[in-house]
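J.: Residue numbers (our numbering): 1 to 237.
Since the hints were derived computationally from the structure, they do not count as laboratory data.
Some clues are possibly wrong.
Using C-beta positions, here's what the derived DEER-type ranges look like [unchecked claim]: (1) G81 / K180: 44 to 54 Å; (2) Y134 / T92: 30 to 40 Å; (3) A103 / N232: 43 to 53 Å; (4) N202 / M94: 21 to 31 Å; (5) H71 / D130: 35 to 45 Å; (6) R53 / N232: 21 to 31 Å.
Ideal placement from N, C-alpha and C gives every residue a C-beta, glycine not left out.
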Amino acid sequence: MSRTILRSLSRSLRIAFDGQTTTRAAALGESGCLWGPLQQFFRGAKKQANELRVGNVVDIKGRLLMITKYHYTQGMSRQLGNVQMELRDIKTNMKASERFRPADGVNLAILEDRKFTCLYTDGNSVHLMDPESYEQIEVDKSLFGEQAVYLREDLELEVAFHQDAPVTATLPTAIKMKVKETDAPAGADSVNSKFKPAVLENGVKTMVPTFIAPGEEIFVNSIENSFMRRANKYKEK
């Protein structure tokens, strides 16, 4: 089921059951047996702790937490082992840690990914536009984490929503940047080229092959701040 359908369904269900308890009981039957599953739908799907990965957003006691580090320790003999997670609170940015048994059920938050184009940044605010509906929204720069340094006008990106509220955002992994400062090029383009320090147009320091010249455009990994390839030798996708 697509995220768009889930979003529409969740809205419809909220409207359909946005009333008094007696109305819900009438719609669901005397037992109200479906209301629990519907509440679980809004909250998310349960997954075993050992199935979760870095970047997942989980719901723990009503708090939305993003997994930033994940470590699974294999148990010895009859021991089951444990899963240690480091998390970041989506709303407060506070760090937290949790430990689970591998088979423990954890609520995985249902997120809807939507594409946007960056219009401009203003302090800690980022102004975005939906390229299809032209709807404009404003989100906090903290949603982008360390990738925020690569934000710029006309950049296409994704924002993840939970019940219509933006909770996290991501930029493309490969971003074209201009090399602002580096030593003069030396040597030919080769897979065995050595690397040298460089400063990108956004101030990020990285390492580039020795054949790269100042002012040249390259593709950079926006997660690792690392050189990927020359921009002028590849067509952008």
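J.: All hints, please: hold or fail.
T.: Outcome of the hint check:
Between G81 and K180 the CB atoms are about 48 Å apart, so this pair conforms to the stated range of 44 to 54 Å. Range check, Y134 to T92: Cβ separation about 32 Å, and the 30 to 40 Å hint holds. A C-beta distance of roughly 52 Å is found between A103 and N232, which places it inside the suggested range of 43 to 53 Å. Evaluation of the 21 to 31 Å hint for N202 and M94 yields a pass: the beta carbon distance comes to about 28 Å.
With their beta carbons about 38 Å apart, H71 and D130 fall inside the hinted range of 35 to 45 Å. Checking the proposed 21 to 31 Å range against R53 and N232 shows it is violated: the Cβ atoms sit about 35 Å from each other.
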